[in-house]
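Here's the letter readout for the chains.
There are 2 protein chains.
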Amino acid sequence: MPSTSLPSNLKIGFLGAGQLARMSALQAFRFGIQVAVFSDRPENEPVQFMTPFSTSGSFESVDDMVAFAKDCDVITLENEFISSDILKQVQEKSGTPIYPSPESFALIENKLIEKQTFEAAGIPVTPYKLIDGESDLKTFGDEYGWPYLLKSSKGGYDGYGNETVRDLKSAKKAFEKLGGNDGRDIVAEAFVDFTKELAVQVARNESGTVVYPCCETVQKNHICVAVLSPAPVQEKYQKQAQELAVKATEAINGKGIFAFEFFLTKDGKLLLNESAPRPHNSGHYTIEGTVASQFENHVRAVLGLPLGSTELNKPAVAMINLLGTHKRPAKPDNIQEGLASENGHLHVYGKIESKPGRKMAHYTLLGENLEETYKNALHVTRNIEI
Amino acid sequence: MPSTSLPSNLKIGFLGAGQLARMSALQAFRFGIQVAVFSDRPENEPVQFMTPFSTSGSFESVDDMVAFAKDCDVITLENEFISSDILKQVQEKSGTPIYPSPESFALIENKLIEKQTFEAAGIPVTPYKLIDGESDLKTFGDEYGWPYLLKSSKGGYDGYGNETVRDLKSAKKAFEKLGGNDGRDIVAEAFVDFTKELAVQVARNESGTVVYPCCETVQKNHICVAVLSPAPVQEKYQKQAQELAVKATEAINGKGIFAFEFFLTKDGKLLLNESAPRPHNSGHYTIEGTVASQFENHVRAVLGLPLGSTELNKPAVAMINLLGTHKRPAKPDNIQEGLASENGHLHVYGKIESKPGRKMAHYTLLGENLEETYKNALHVTRNIEI
Chain G
68 MPSTSLPSNL KIGFLGAGQL ARMSALQAFR FGIQVAVFSD RPENEPVQFM TPFSTSGSFE
128 SVDDMVAFAK DCDVITLENE FISSDILKQV QEKSGTPIYP SPESFALIEN KLIEKQTFEA
188 AGIPVTPYKL IDGESDLKTF GDEYGWPYLL KSSKGGYDGY GNETVRDLKS AKKAFEKLGG
248 NDGRDIVAEA FVDFTKELAV QVARNESGTV VYPCCETVQK NHICVAVLSP APVQEKYQKQ
308 AQELAVKATE AINGKGIFAF EFFLTKDGKL LLNESAPRPH NSGHYTIEGT VASQFENHVR
368 AVLGLPLGST ELNKPAVAMI NLLGTHKRPA KPDNIQEGLA SENGHLHVYG KIESKPGRKM
428 AHYTLLGENL EETYKNALHV TRNIEI
Chain H
68 MPSTSLPSNL KIGFLGAGQL ARMSALQAFR FGIQVAVFSD RPENEPVQFM TPFSTSGSFE
128 SVDDMVAFAK DCDVITLENE FISSDILKQV QEKSGTPIYP SPESFALIEN KLIEKQTFEA
188 AGIPVTPYKL IDGESDLKTF GDEYGWPYLL KSSKGGYDGY GNETVRDLKS AKKAFEKLGG
248 NDGRDIVAEA FVDFTKELAV QVARNESGTV VYPCCETVQK NHICVAVLSP APVQEKYQKQ
308 AQELAVKATE AINGKGIFAF EFFLTKDGKL LLNESAPRPH NSGHYTIEGT VASQFENHVR
368 AVLGLPLGST ELNKPAVAMI NLLGTHKRPA KPDNIQEGLA SENGHLHVYG KIESKPGRKM
428 AHYTLLGENL EETYKNALHV TRNIEI
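As you go down the protein sequences, you meet chains G and H in turn. According to our numbering, the first sequence holds residues 68 to 453 in order. According to our numbering, the second sequence holds residues 68 to 453 in order.
The shape of chain G in the complex, shown without the other chains (with noise of 0.2 angstroms):
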C-alpha cells in the first residue's frame, strides 16, 4: 500500500554527501522531513551545511552505518560504492529499510551481472565478455574490432575505472591498471560506433512507476557535459529508451530513483550501456524541466508516496555542467548572464574547493526550441569560472 502521510519528524538518511544528496535532501525539506547524512569523508561536503544530523565514518563499516541507520527512518543513497553485502547487514542490523534495496543492488553493482540480469530481460546491451586471462584480450579485440573498451566489474564512475584499449600491449597494461592481475573481475565491452548518447530517468515504488522523458548526454572525456531534453532523435528511439529503462527497472525490482545509459546506434539499435539505481546527472535538468524531478520522485519512491508528474514544464530543456575551471576555492564567477537570462536556472553544490573538471554547478535552461536553447545555455555560461 503506498503510503498517505508525512509525519514531520520522519527523518531520510543518505550514504553521501555529494551533490546529488543534496539536491534530493532538498526534496525531502520541502516535505517537511529531516535529513541525515553519513559521509566517508570528515567535512565540508555539500550535505554536511544542510543539516545539524551529519556523521562521518567508513563505507566498509557495518557498524559504522549501523549507528547512523539507527536514528532514521528510511535509508538511501546516491552512489554505488557501497556493496551490496555490506548494506544488507546494515540494514537487518538497524532494522531500517534501505531503497532501493540491498537486493536490487546485488543485480547491478558488478558489471557482469547487471549486464546478465539486464539480457535476461530481453534488453539489448553492448558485446561484452568477462576476461579470464590475457588470450581473452587479444581474441575479444579480434572478434569485435580494436579499440574496445576495459572496465573495472566494480566502481567505474565519470570514466574512472574504464580504459580505451588500442591494441594488445595497451590491454595488458589497462588489464594490470584496473586490478586484473589482483583478482579483480574485467570486463570487455565492444567499442560501439554510436550517434547520440541517450538517458532515461526511472522512479518506481508500490504505487507505480514514472517514466522521464528521453535526452541525450552530450560527452566530453567521458564527462557528462551537457543534457538536452528531449533528445534530438526519432520519437520512435525516445519511446524505445523509456521501455527498456520501465522494463531495466522491473528487471532489478527498483524501488527509487534510476537512470539508464543507452548508445543509439549508426544502424538504429539502441544498447543499454550504463544504469544507477540512484539520480544521476543526466536527470539534473528535471527540476525545473519536469513537473516533479528525479530528486522528488527520488523522495517520493524510497517513502512509498504517490510518484509525481514527469512531463515537461516547456517543450525543451539544456542543462550545461559547470564544472571547476581553477584549483581554488569556490567561487563561481560571472554567474551575471546566466542569472539575468529568463527561464534559466542557477544550481550551486556548495562544495568548498574546485578543481578543474570537478562537478561544481550546473545550469537549466528552458525553451521553445531545443537547439536554440542549447545554443543560448551555452551562450549565457560561456564566461563562467570556478
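For the record, the hints were derived by calculation from the structure and aren't laboratory data. Keep in mind it's a predicted model, so treat the numbers as computed, not measured. Where hints are given, some of them may not hold.
Where chains are identical, the list cannot tell them apart; a pair therefore holds if satisfied intra-copy or between any two copies.
To be verified - Taking lysine to any residue and the SDA-like style, the derived pairs with C-alpha atoms no more than 25 angstroms apart in a straight line are:
1. Lys306 <-> Gly335
2. Lys306 <-> Ser70
3. Lys221 <-> Ala407
4. Lys336 <-> Pro214
5. Lys442 <-> Val358
6. Lys239 <-> Phe258
7. Lys422 <-> Asn76
8. Lys442 <-> Ser72
9. Lys381 <-> Glu438
Go by the hints and put chain H onto chain G.
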C-alpha cells in the same frame, strides 16, 4: 554594482527560524550558500533542522545577535518582531550588513509612520488616525462609521494586534487590550468595504526592481486561506496594484523582497492595507508559479545579484494554505490525492507540533483556467488533516 559571483563559503544569516526563513534557505542552498539561523525559541523550529549553524537568543538582545551576525556575510529577516533601532545596533557592532536595511524597517515597523510614509509617496492608504485618548475613539467612529479597526502600531501579525470595534464600549475595551492605556500608540483604521483583497510582491536591489503578478488573497478570520494568481480582477487594477507596490518599495528604499496588500473597494479604488519587508504568504505560489520565486529573489536581492524573472509559468495558479487541524505531533494525513495530482506541489514546513489554525503546509496547483484550478486545488486537499 550588482554582484557577479557566488563564493561557496558565503553564509547568509536569518533572524527568525520559521517557514519563511526555511523556504528562503532552500533557495540559498540552491546557490551553494551556507545558512545560519538565529531563533528566539530554543529548538524544533523549521530552519533548525536544516543547518548545523543554529543559535538561540533574544530578539531584544543586541549582544546575542551581534555574536551571530559576526559569523555571517549578510543578515536578513523573516518577521517584523525586531525593532529597527536594535537592528541598526546589530549592524553597526557586527559590521555585517542587514537587508532590508534598518532604515527601511524604521519606515514601516510602526503603523503610523508606515501610513505617513506611503501617503507622502502618493500611495492611497485606508483612512486612519492616531488615537490620542478616549474621545478620539468616538470621533473616529462618527466620522468614518462603525465598525472600524483598532491596531497596535507595532507587532501586528495575522490578525493579532488588531481588533474590530463596533461601538464606543468595545472600542474602549480594545484600546485597553492593545495597550493604549500603557502608552502604546493605537491607530484607528476605517473599515473598508472591499470587494477583493489583493497582494503584490516586489524584489529590489542595486541591479533593479522586479514585480510579481497581482494576486488575490482569500481570507477567513483574518487568516489567509488561499491565494489566486493572477487576481481575478480587471487588468487595470492588477497593473495599478503593481505600480503602487513598486512605488511603495521605492518609498522605503527597499533592498530585499517585499509584499504589499491592497483592498479593492466597491467603487474601484485601491488602498494599501499592509506591507511586509520579507517573503509573504501571498507569494508562496511563486515557488512553482513563476520562473523565479519570491524566495529566490529574496536571496538574490540581499546578495546584490541580478534578479530573476517573475513571469507566470502557467496561466493560472492556486495556493491553498494547509492549516493545522488537530493539536498533535504534526502529521499531514491523506495527502495522496494532492501528491498524485498533475501539476500539484505540496510543501510541508517541518514544524513538529500542530494545532488548529497553525500554518503547517501549503499546496500549489498550476493550471490553464483560474476558477477550475482553484476548484481542483480545494478538491484534492479537502481531506488533508494535519
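Status of each hint after checking the structure:
Proximity of Lys306 to Gly335 under the C-alpha cut-off of 25 angstroms is restricted to the intra-copy arrangement: shortest distance 13 angstroms within a copy versus 54 angstroms between copies. Proximity of Lys306 and Ser70 under a CA criterion of 25 angstroms is satisfied in neither setting, with 30 angstroms inside one chain copy and 44 angstroms between copies. In this homomeric assembly, Lys221 and Ala407 never come within 25 angstroms of each other (Cα to Cα): the closest approach is 43 angstroms inside a single copy and 37 angstroms across copies. Only within a single protomer do Lys336 and Pro214 lie at most 25 angstroms apart by alpha-carbon distance; the minimum there is 20 angstroms, versus 76 angstroms between protomers.
Taking identical chains as interchangeable, the C-alpha atoms of Lys442 and Val358 lie at most 25 angstroms apart whether they share a chain (24 angstroms) or sit on different chains (20 angstroms). Taking the closest pair of Cα atoms, Lys239 and Phe258 come within 25 angstroms of each other only inside a single copy of the chain (17 angstroms); across copies the shortest separation is 87 angstroms, beyond that limit. Proximity of Lys422 to Asn76 under the C-alpha cut-off of 25 angstroms is restricted to the inter-copy arrangement: shortest distance 16 angstroms between copies versus 38 angstroms within a copy. Taking identical chains as interchangeable, the C-alpha atoms of Lys442 and Ser72 lie at most 25 angstroms apart only when they sit on different chains, with a minimum of 23 angstroms there against 43 angstroms within one chain.
For a Cα distance limit of 25 angstroms, the shortest separation of Lys381 from Glu438 qualifies both inside one copy, at 14 angstroms, and across copies, at 23 angstroms.
Hints 2 and 3 from the earlier list are contradicted by this structure; the remaining hints agree with it.
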